[in-house]
Each structure stands twice: as structure tokens, then as C-alpha cells.
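Protein chains: 4
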Amino acid sequence: MIRTGVVGASGYTGTELIRLLARHPAVDLLFATSESNAGAHLDDLHPSAPPLELIGLGSAPLQDVDLAFLCLPHGVSAAKAVDALNAGARVVDLSADFRLEDEGTYGEWYQTKHPASQLLGEAVYGLTEYARECLPDARLVANPGCYPTSILLPLRPLLDAGLISGTIIADSKSGVSGAGRAPKQSTHFVEVTGNFSPYKIGRGHRHLPEIEQQLRRWSKNAPSVIFSPHLLPVPRGILSTIYVPLTPGCDEAIVREAMLEAFAGEPFVKVLPAGQLASLAHANYTNRCVIGLTCTGNTLIITSAIDNLIKGAAGQAVQNMNVMFGLPEDEALP
Amino acid sequence: MIRTGVVGASGYTGTELIRLLARHPAVDLLFATSESNAGAHLDDLHPSAPPLELIGLGSAPLQDVDLAFLCLPHGVSAAKAVDALNAGARVVDLSADFRLEDEGTYGEWYQTKHPASQLLGEAVYGLTEYARECLPDARLVANPGCYPTSILLPLRPLLDAGLISGTIIADSKSGVSGAGRAPKQSTHFVEVTGNFSPYKIGRGHRHLPEIEQQLRRWSKNAPSVIFSPHLLPVPRGILSTIYVPLTPGCDEAIVREAMLEAFAGEPFVKVLPAGQLASLAHANYTNRCVIGLTCTGNTLIITSAIDNLIKGAAGQAVQNMNVMFGLPEDEALP
Amino acid sequence: MIRTGVVGASGYTGTELIRLLARHPAVDLLFATSESNAGAHLDDLHPSAPPLELIGLGSAPLQDVDLAFLCLPHGVSAAKAVDALNAGARVVDLSADFRLEDEGTYGEWYQTKHPASQLLGEAVYGLTEYARECLPDARLVANPGCYPTSILLPLRPLLDAGLISGTIIADSKSGVSGAGRAPKQSTHFVEVTGNFSPYKIGRGHRHLPEIEQQLRRWSKNAPSVIFSPHLLPVPRGILSTIYVPLTPGCDEAIVREAMLEAFAGEPFVKVLPAGQLASLAHANYTNRCVIGLTCTGNTLIITSAIDNLIKGAAGQAVQNMNVMFGLPEDEALP
Amino acid sequence: MIRTGVVGASGYTGTELIRLLARHPAVDLLFATSESNAGAHLDDLHPSAPPLELIGLGSAPLQDVDLAFLCLPHGVSAAKAVDALNAGARVVDLSADFRLEDEGTYGEWYQTKHPASQLLGEAVYGLTEYARECLPDARLVANPGCYPTSILLPLRPLLDAGLISGTIIADSKSGVSGAGRAPKQSTHFVEVTGNFSPYKIGRGHRHLPEIEQQLRRWSKNAPSVIFSPHLLPVPRGILSTIYVPLTPGCDEAIVREAMLEAFAGEPFVKVLPAGQLASLAHANYTNRCVIGLTCTGNTLIITSAIDNLIKGAAGQAVQNMNVMFGLPEDEALP
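Chains as they are written, first to last, in numbering that gives the first Met the number 0: chain A, 0 to 333; chain B, 0 to 333; chain S, 0 to 333; chain E, 0 to 333.
Simulated from the structure, these hints should not be mistaken for laboratory data.
Be aware that one or more of the hints could be misleading.
[Unchecked claim] Cut-off 25 angstroms, straight-line C-alpha distance, at most; resulting in silico cross-link-like pairs (DMTMM-like, lysine to aspartate or glutamate):
#1 B/199 to B/65
#2 B/183 to A/52
#3 A/269 to A/211
#4 S/183 to E/34
#5 S/269 to A/42
#6 B/183 to A/43
Build out the structure end to end from the sequences listed, making use of the hints.
What follows is the structure, encoded as C-alpha cells:
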């Protein structure tokens with residue numbers, strides 16, 4: 000049994016993670032923390048969640064777990080990662096703190112000095128499908144952002160095959176749970192329902208440097224990205240509609256073959272047959288990334304759907320844990 | 000032209016009121032205040048609202064208006080009513096501060112000492128259809144609560160005709176704008192969408208004493224009420240399903256006749272034909288109260304629908320203003 | 000392994016059942032039928048469902064299964080039940096065809112002659128918590144209606160304890176999946192979203208005779224019921240707000256004790272602590288019935304929540320199967 | 000008074016048009032037709048609509064009206080336009096039948112022979128802002144499609160100024176009323192709510208040739224368009240996120256100036272200040288097109304919002320009527 004703890008369990012990501020861990024046959028969940036709700040039970044906050052008692056982080060026996068999941072805000076998470084590592088635990092960090100390798104880039108986008116920059120070089124970027132070799136030995140895993148997961152997964156095979164010829168446009172749409180559980184004007188029901196709104200489009204969202212960094216790691220000639228997130232009036236799910244300029248001579252058959260080959264045998268990536276498009280309904284409540292491919296002239300339009308709380312956060316964290324500890328990769332994942 | 004001002008314009012009720020006043024041909028809107036958003040324009044907060052500048056209350060020329068509308072929280076509103084009256088304005092107060100005539104009852108339900116109890120005796124309860132005689136001379140009008148409006152309107156004719164024989168059960172369902180614009184956990188989109196939840200059922204909601212007080216004013220033998228509010232995942236609208244035990248011998252024909260007679264010529268009350276039931280779609284975006292009648296054995300089931308922001312708040316406030324100032328009652332009302 | 004087949008798999012209930020059976024470790028699902036979609040795969044219709052091929056009923060090997068689940072419209076289902084029984088299979092029928100024991104009552108409410116009235120006497124009414132003794136030997140199980148499940152479960156202990164003194168009012172609200180998957184004007188997104196509407200209130204809905212029959216089976220002096228269903232703008236879930244007149248002297252403590260005693264050890268019935276009310280969020284995506292209790296004067300207000308597709312249909316069908324075949328009752332149920 | 004009639008009044012567009020005409024001070028609405036609902040009243044179908052009686056088209060006095068609005072399916076509408084013109088009425092056709100000038104293109108995209116191709120040359124494309132000169136003399140106006148309205152309006156000034164350097168990508172999202180009132184599986188509440196889905200992306204949607212035809216009319220070197228529509232879980236509204244490659248040296252200031260100049264004085268086009276993005280909330284329930292501008296590198300991202308039923312259909316039809324008959328252009332428009 001893997002002994003685990005969840006730090007920051009009361010948010011949407013933390014609670015989704017608890018649900019997944021609660022049904023994992025190889026996991027022993029030793030604690031779940033919440034500073035703002037210490038003493039309460041998880042089902043007081045989320046009526047259908049397991050009735051777990053929430054404790055303060057100070058009371059959490061970090062030294063007793065093999066793995067600590069951190070579901071904390073960026074800027075706060077890194078310091079707790081240090082504590083957990085010092086206590087001997089491995090760490091999967093679901094915040095953004097260890098996703099960017101460059102301290103300066105982090106400071107620029109997150110507007111704070113990195114609290115544990117000495118660990119940036121060690122952290123493994125846990126986009127599981129492309130991190131399997133590093134995960135078994137990793138002490139510290141940076142779980143990817145939700146938008147980047149939906150965008151990076153389908154782009155890698157195209158990059159590897161040299162099929163991309165210029166700037167990529169990712170027009171992404173996300174459900175509201177991506178904005179967190181703390182109540183804000185912008186997540187008030189009356190403001191969201193019946194509405195649909197873009198935000199931080201172009202080159203303004205923090206997930207952009209994460210996406211571009213990863214593309215550069217995969218290819219020296221990686222294209223730049225225009226990234227336009229929008230807020231959907233749904234609780235969960237991301238659909239990214241991605242416009243990729245293809246190299247001359249490339250067509251849908253070539254793209255499809257590259258994709259099918261790259262994702263053959265992948266338990267959580269599904270490439271739809273020609274003519275089908277991905278929608279939230281394909282991926283919600285699963286750990287899958289579902290991909291549709293449409294070519295028009297020299298432009299490939301990818302539709303890529305994930306559940307932002309599962310493949311985009313808690314599910315991928317469990318998937319990473321499974322690989323880190325040598326378990327079947329799909330154990331306990333929907 | 001009636002010179003008016005709106006105090007507390009940035010909430011849902013205040014903004015709805017501004018929309019109505021902006022298209023009222025006999026109204027000159029001199030100011031709109033917001034403490035938290037002074038300096039902003041209303042369409043910064045509500046993109047489709049008029050681009051009115053919001054000012055602090057301290058800068059509002061109360062002395063220049065004929066009528067001040069107060070859209071403030073209870074407990075805060077009463078003191079501002081005093082200011083406005085002292086400045087020579089008449090007042091329509093959309094808060095709960097002047098709805099209960101008894102200071103003790105107010106203190107018990109709103110858990111604060113009434114800030115201006117000397118005015119309680121003077122305030123007219125502005126359920127327009129039953130207040131027309133008092134409104135022209137009223138200095139201070141207490142605009143009714145949204146739930147009470149949906150419940151009281153159809154009960155009056157039954158009470159007058161002596162058709163009610165016991166405790167009434169009002170099972171009411173309201174859209175989220177009724178909970179106000181300030182973000183709370185309970186109004187977070189993710190908590191509300193896909194959910195439906197009762198709250199303060201039985202005899203726990205502040206609108207209960209308001210309902211029972213009004214029934215007692217209309218009849219010495221007024222029945223008691225069980226009142227069960229629920230939160231609907233919609234932005235606006237109230238449907239009350241009201242179970243009324245009838246006196247022996249009373250049937251649907253008798254009830255219907257009493258209703259039709261009472262509401263003949265009413266511009267904003269519509270009694271549906273036999274077999275039809277009221278729904279939110281009947282009343283939303285209008286100032287109407289739409290009423291369906293169904294008898295089963297000795298029980299009358301009333302379905303009563305209003306738009307909580309219009310007939311349940313801003314619309315009724317304008318309707319009251321129209322009567323107060325001798326204008327056509329339906330002027331500028333949808 | 001229990002060999003099963005699902006007849007009528009393409010609707011919401013059938014698909015939910017397939018999802019549950021697909022993860023049941025003791026079940027071998029041999030076939031899934033759909034007349035209108037034979038040849039298609041289930042995930043063509045429901046993108047996240049298992050990719051099962053749908054076949055015509057004529058091709059279904061009824062003789063090879065231990066248990067056939069029927070998810071067909073009433074009137075159609077009974078004849079197929081005969082076929083399945085004749086082929087040697089046991090049957091759980093999720094339609095209304097075997098819920099009413101009296102042929103005349105069936106004809107009156109469903110406006111058709113019963114296609115297999117000879118089986119009415121044999122069918123077991125499968126409200127699992129109250130049918131455990133009969134299920135192991137049952138050949139034919141009538142799976143209860145969704146509304147009746149939410150209403151009957153909490154009423155039984157009160158009836159047994161003699162605590163009910165008169166007519167019960169059940170004000171129920173259901174999500175749209177309860178209206179079936181066939182597109183109708185009344186289930187069009189634009190008609191439903193933002194709306195809330197009562198239908199067939201009083202004594203007009205087909206679930207009423209089912210509820211009253213069951214109450215009469217449990218008690219000779221069973222009270223009558225007023226039943227008011229409403230359509231909620233949510234995909235799934237039922238909340239019934241039930242008003243029960245109590246016998247003199249009865250109070251919340253007595254009611255609570257009767258409830259807790261009756262449901263002690265029940266895996267799928269949860270009685271909430273005093274002061275808490277049931278909401279859809281308590282029960283959705285689970286097989287649970289969650290019950291809140293509020294007394295006001297002599298009236299008990301029960302809030303009872305279920306997921307209409309799970310405890311109200313497919314989940315209870317699996318629960319019944321588990322008991323019929325001697326498996327752990329909660330196997331594979333969320 | 001302009002005497003008008005609405006042919007095909009029972010759908011979402013027809014009903015919205017009736018609402019607008021009912022409050023228009025210069026309009027006399029003589030009839031409203033519906034083949035499927037002749038004899039019913041409009042408020043039987045849409046509870047808050049005016050209680051107008053619907054008649055069969057055969058009974059409609061076409062010869063008595065100055066203007067007939069046609070809200071019919073494409074393929075059906077053209078023949079009725081001929082009837083109305085022959086009866087002496089002018090026509091605003093809200094279907095697609097007269098939007099494409101080329102008979103062959105129409106046949107290819109709408110897969111039917113055009114029923115009245117002799118009129119194609121005469122029809123005026125009624126994007127009001129760019130058709131004001133032709134409308135006063137027009138007998139037959141083709142009201143633009145909803146998506147094209149949101150896309151074409153902001154592109155014209157850029158085209159005129161020669162600022163566009165290549166293929167435009169329009170990633171558009173529409174509410175469900177755009178799919179019509181006839182119930183379909185794809186508009187079932189349960190399929191739509193919580194979901195978000197692309198359809199006919201790339202070069203597959205019928206509004207694409209309409210968009211490209213209009214761009215070519217405005218410029219000989221018009222760019223081609225990639226058009227990706229998506230279905231939003233909202234009842235109304237369109238947001239188009241449009242990616243425009245700019246000519247070298249062009250920046251946001253130049254674009255903004257061109258836009259502000261082009262739309263100066265326009266009552267229904269609003270260009271947002273720098274840093275603001277358009278959302279559905281900006282345009283819903285109004286006849287406005289609200290435009291946000293964001294430059295990133297050499298790419299302009301336009302966010303353009305309209306209400307598909309108003310500026311995208313019924314509102315623009317009334318706007319066209321106002322210009323056709325010399326009335327104030329914004330009369331009776333929200």
C-alpha cells in the first residue's frame with residue numbers, strides 16, 4: 000500500500016483527488032488538510048464526497064507518507080513541497096510552482112519570487128504520456144496545467160514528425176471549476192449562466208509560457224502560440240480548438256497516421272475517426288484526452304477535450320502516482 | 000418629470016431598477032449611488048446596463064429629487080430613508096426595513112435593533128394591487144419581499160371570500176439573483192448549476208413574518224403558513240406552489256370565480272385558464288404575477304410565478320411610484 | 000458470473016445501466032439492444048459510454064442470459080418480459096408495466112390494456128430496502144418509479160410507527176433525464192433552461208397510484224397523497240419536499256429515532272443530522288437516498304434526494320440484481 | 000403606420016420579431032402565420048409572448064400589408080417571397096434563400112434547386128450598417144445570417160483600410176436558439192447542458208459562402224475564411240473570436256482608429272476600450288454588436304458579440320424595415 004496525504008483538500012481539485020484515491024485499491028490515504036476548514040468533514044463542503052475529517056497542515060504526519068499531493072495556490076505550494084521532501088515524502092504538486100524551469104520566467108508571470116527555486120531543476124513535468132521514463136525516479140513532479148494538457152498532448156506527435164510550419168492558435172474554452180472554489184464576482188452563478196466570455200487572450204495567460212516551454216523542450220524549432228481562453232457556463236471540462244499551419248504537402252491522412260501511431264496503446268488518449276469532433280461530453284468524468292482532426296487546406300484544426308479536474312488535474316496526478324510507484328497506469332482511473 | 004435617484008444601484012435589484020427608469024418617459028434620473036463602486040460606470044459592472052456614472056451617497060443630491068429608491072441591505076436602509084425624508088424626498092425602500100410593523104418582530108428576525116422605528120407606523124406596505132388607496136399620500140413605501148409578493152397576491156381574494164380553512168403550505172422556488180450580487184460560496188456557479196436545494200424551510204425564513212403579518216391585516220382569522228424556500232439553478236424568477244385547504248363545499252369553480260372577479264382589470268395579474276399551470280416562463284422579464292389554479296379534493300394548489308427582480312422588486316417599485324405620482328400604473332413596465 | 004442482457008440500451012436509463020454493469024465484477028453483459036439504433040455503438044450516441052455494439056432485439060440471445068433488464072416504454076415492455084421469461088431468463092423490468100398490481104388501475108392510468116396481466120400477481124415491487132425477502136426467489140421484478148422511490152423510502156418507517164395522521168403532500172422536482180431521451184418540445188434546451196415548471200400536479204401523474212398502492216400494502220390505514228411534480232433545469236436528480244401531518248404528541252425526536260432505527264445499517268439510505276436538508280448534490284451520481292427531517296409544529300417536512308437515473312432506475316435495478324443473485328448488495332454501486 | 004405581417008411566427012425568430020413589432024409605434028401588425036400551429040395563440044407556445052392568434056398562410060391577407068417578414072426554413076421561403084411580392088408587399092426574408100447571389104452556389108450548399116432564382120439579382124443583402132443606400136428602394140431584402148453578422152461587421156473597416164494580409168480564422172460560439180425550435184436530439188436539454196461541441200468546422204458550414212461572398216463584394220483581394228462554429232449551452236447569443244493576420248507595420252492603434260472612425264455614430268455597433276473583451280453579456284437582449292480588439296504580434300484578435308435572435312435576426316430585420324420606410328433606424332430596438 001502506498002501511504003499518501005492530500006494537502007489542500009477542500010478545493011475542487013483536492014476533492015476530486017480524494018474521490019479518486021478513496022477508490023484506489025493500492026492507496027492508503029492518511030490525511031487530508033485544509034487550513035480554512037480544519038475540523039470539518041469533507042462532505043460538509045461537498046455533500047457527495049467521502050466523509051473525511053480535514054486537519055490543519057501543522058497536524059499532518061508528512062513523515063508517514065510515501066507521497067504527498069499538494070493542491071495549494073501557487074506561491075504557497077513550493078514551500079510546502081520543501082517540507083514534504085524534507086520529511087522524506089515524494090511530492091506531486093498540482094500548483095504551477097514547479098512547471099516553469101526558469102526562475103525569472105516564473106517571477107514575471109506569477110509576480111512573486113519563487114519560494115524554492117533550488118528545486119526547479121529537479122522537478123519532472125508530469126504530462127504522463129511523455130514523462131514515463133522520468134517518473135519512476137522522480138522525487139518531485141509538477142502536475143501540468145489543465146489548458147496545457149489539452150493543447151500539448153495532441154501537438155507532440157506533429158512536432159516530432161515536423162509537420163508544423165508556423166504559429167499555432169489555441170482557442171480554448173473551460174468550465175468554471177478551473178477558476179477555483181473561492182467565491183468571486185466572476186464565478187457568481189448569475190454572472191456566468193447564459194454568458195460566455197473570453198479572458199487574457201493572445202499572450203496574456205499564465206499557461207502560455209508553460210505551453211511554449213514544453214514545445215521548446217520537444218523541438219528546437221518550436222512554433223510560438225497564440226492562446227485564447229474563454230469561460231464556459233459549465234462546471235467542468237475543457238475544449239481546445241487548435242489551428243495548426245501544416246508544412247507544404249501535409250494532409251489529413253499524414254496527420255492522422257502520425258497521431259494514431261503516437262497514441263497506439265495509450266489508455267487515456269483517444270483519436271476520433273475522421274469526420275468526428277471532440278466535445279466535452281467525450282471526456283467529462285474520465286481521465287481521457289479525446290482528439291478530433293479536421294484538415295482544411297493547409298490548416299489542421301484539432302479539437303481536444305479533457306475533464307479539467309481529472310485529466311487536467313487530479314486524474315493526471317493519480318496517473319503520475321501510478322507510474323511513479325510501478326502500479327498499472329490506469330489503476331482507479333475512470 | 001419626476002426627479003428620482005437610486006441609492007445602491009450596483010446590485011441586481013438596483014440595476015434592474017435603473018433599466019426600468021431609463022426608459023420611463025416621465026422620470027428624470029438624477030443620480031445612482033454605490034459605495035463599493037463609486038466612480039465606476041454601471042456598464043462596467045453589468046455590460047448591458049446603461050453607462051451611468053455611480054457616485055458615493057455622500058455626493059448624492061437627495062434634496063433635489065422627488066423620490067429616492069433605496070436598494071440597500073436591511074439594517075442599512077432605514078437610516079438612509081431618514082436622510083432622504085429629511086431632505087424632502089419621498090422614499091420607496093426595497094429593503095426589508097419597513098415591511099414589519101412591529102419593532103420587536105423586526106429585531107427578532109433581523110437580529111438588530113431597528114434604526115428608525117419611529118417610521119414603522121407610517122410606512123405603507125407597497126403590494127401595489129392592495130395599496131392603491133394609500134400610495135398617493137405615502138411618504139415612505141416599503142416595497143414587499145419577492146417571495147411574499149408571489150404568495151400574498153393570489154391569497155387575498157381567497158381570504159376575502161372566506162375560503163381558507165387551515166394552515167397554508169407555500170413551497171417556493173427562487174432563482175439565484177434573489178440571493179444578491181455579493182459573491183458567496185452558496186452562489187458560486189459550480190455549487191448551483193445542476194443542483195437544487197431547500198433552505199430555511201418550515202418557519203425559518205425572514206419572509207414568513209412578513210407574509211403572516213399581511214394575512215392578519217386582511218383577516219382576523221388568518222391562517223398560519225408553512226413556508227419552504229428552495230434555490231433554483233436559474234438566474235431569475237420565483238414559482239410558489241401553494242397548498243390551501245378549502246372550506247367544505249368550496250370547489251375550483253368557486254375559487255376561480257373569486258379570483259377572476261378580484262383581478263378583473265388588473266394590468267399585472269393574470270389568472271390562467273383551467274388546466275394551465277404557471278411556470279417561470281410565464282412571468283420572467285415582465286412585471287406580471289401569473290396564477291394557475293388546480294383543485295384536488297378539498298385542497299387548492301396555486302401555482303404563482305413572478306420575476307423576482309421585476310414584480311418581486313424593481314418593477315413593483317416603479318409600479319408603486321407610478322401610483323404615488325398619479326401616472327398610468329403600467330407606464331414603462333414590461 | 001451472472002450473464003445479463005439489456006433490452007433498450009440507448010435511452011438514458013439503459014445507458015446508465017450499461018455503465019454500472021460494465022464495471023460490475025460478477026456480471027457478464029452478453030448483449031444490449033436498441034431497435035432504433037441497431038448496428039450503432041453505444042458511444043456513438045453517448046460519447047463517454049462503453050463502445051458496445053447495439054443489436055436488434057430479434058438477434059438477442061435471451062436464452063443465454065440469467066437476467067434480462069428491460070428499459071423499454073410501458074406497454075411495450077410487458078410483452079418482452081414474457082419472451083424473456085419464456086426463454087428462461089429472470090427479468091428486472093424498469094418500465095411501469097408491472098408496478099401496479101391491479102389490471103384495471105393500470106388500464107386507467109396508462110390508457111392501454113395490459114399486455115401480460117397474468118404476470119401482475121407474480122411481480123415483486125423492487126424497492127430493494129423493503130423487498131429483500133422476496134427478491135432471491137423472484138422471477139420478475141418491477142423496478143420502482145423514480146418519484147415513488149424518493150417518496151416511499153422515507154415514509155415507510157413513519158407508517159410502521161403509526162406517526163402519520165392525514166393526507167401527505169409531496170412537492171417533487173425532477174431533472175430532465177426523467178422525461179426520456181426522445182426529443183420533445185418540452186425537453187428542448189431553450190424551453191427548459193432558465194425555466195421551472197409544474198406538471199400534472201395534484202392527482203394527475205401516473206406515479207401517484209404506484210405510491211398509494213405501496214402505502215396501502217404497508218398499512219391498512221394508509222393516508223392519501225397529493226403529488227406535485229415539477230421539471231427542474233438540471234440533467235439529473237430528484238428532490239421531494241414532503242409534508243407529513245404527524246399524530247398528536249409526535250415531535251422531531253420521535254420521528255428521527257424511528258428513521259434512524261429503520262435505516263440503521265442501510266448502505267444506500269442516509270438520514271442527515273438535525274438542521275441539515277437534502278439537496279440534489281447529496282445524491283447525484285450515487286445510489287443513495289439522502290433524507291433531511293424538519294418539524295414545524297405538527298408538520299414534518301421531509302427533504303428526500305435521489306439520482307433519478309441511479310437509485311431511481313438503473314442503480315436500484317443493479318441493487319435488485321445483487322440481492323436476487325446473492326451478491327453483496329452494494330457491489331459495483333457508487 | 001406601416002402595415003406588416005409575419006409569416007412563420009411560431010419559431011424563436013418569428014416570436015422575437017413579434018415582440019419587437021408589438022412595441023413599435025409605427026407598425027400595425029396585421030397577421031402572424033404558422034402552418035403547424037394555426038388556430039393557436041402565440042402565448043400558448045411562448046408563455047410570455049403577446050397573445051396573438053396564429054393563422055394559416057392561406058388565410059393571410061398578403062395584399063393588405065406594406066411589408067411581409069418571412070421567418071421560414073430555407074427552400075420554403077423563396078416561393079412565399081414571390082407570393083408576397085406579387086401581392087404588392089415588400090419583403091424582408093430572414094431565411095437564407097436570398098443571401099447568396101449565385102444560383103449554383105446556393106444549390107451546392109443548400110442541396111436544392113433555388114425556387115425563385117430570378118429574384119437573386121434583385122435582393123439586397125441587409126447588413127444594415129452597410130446597406131443603408133440600397134434599402135429605401137429595396138423590394139426584397141435578404142436578412143443576413145447570425146454568424147455572418149457577428150463576423151462581417153467588424154471586418155469591413157479592416158478590409159476597407161487594407162489591413163488584412165491573409166486567411167482569417169473565425170472561431171464562433173452560438174446559443175441553442177440558433178438551431179431552431181423544432182426538437183432534435185442535438186438540442187435536447189440533457190445533451191446540451193454541461194456540454195460544448197464544435198460542428199461543421201473548417202469549411203463546412205453554410206454561413207461560410209455567405210461570409211466570403213460579402214468579403215469579395217467589398218474587396219477584390221478578399222481573404223479566405225476558416226470558420227468553426229460551436230454550440231454553447233446557453234439559449235441565446237453569439238461570440239465570434241476572430242483571428243486576423245495584419246499587414247506588416249499595422250498595430251492595435253491603427254486598427255482601433257480605423258474601427259472607431261468606421262463606427263462613429265453607429266447606434267448599434269460598440270467598440271470597447273482597449274483592454275476590454277466582448278462577451279455575450281454585452282450584447283444579449285440588445286440589437287448591438289459589441290467589439291473588442293486585442294493585438295498580439297501581427298495578429299489581431301477580434302471578440303465580437305451579438306444576440307443571435309436580435310441583431311442576428313429579428314432585430315436587424317426591424318432595423319432594415321426602419322431604414323426601408325424612412326423611420327428612425329433605432330425605433331423600437333433595444
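Open item on the list: Need the list of violated hint numbers for this structure, in ascending order.
Closed with: 1
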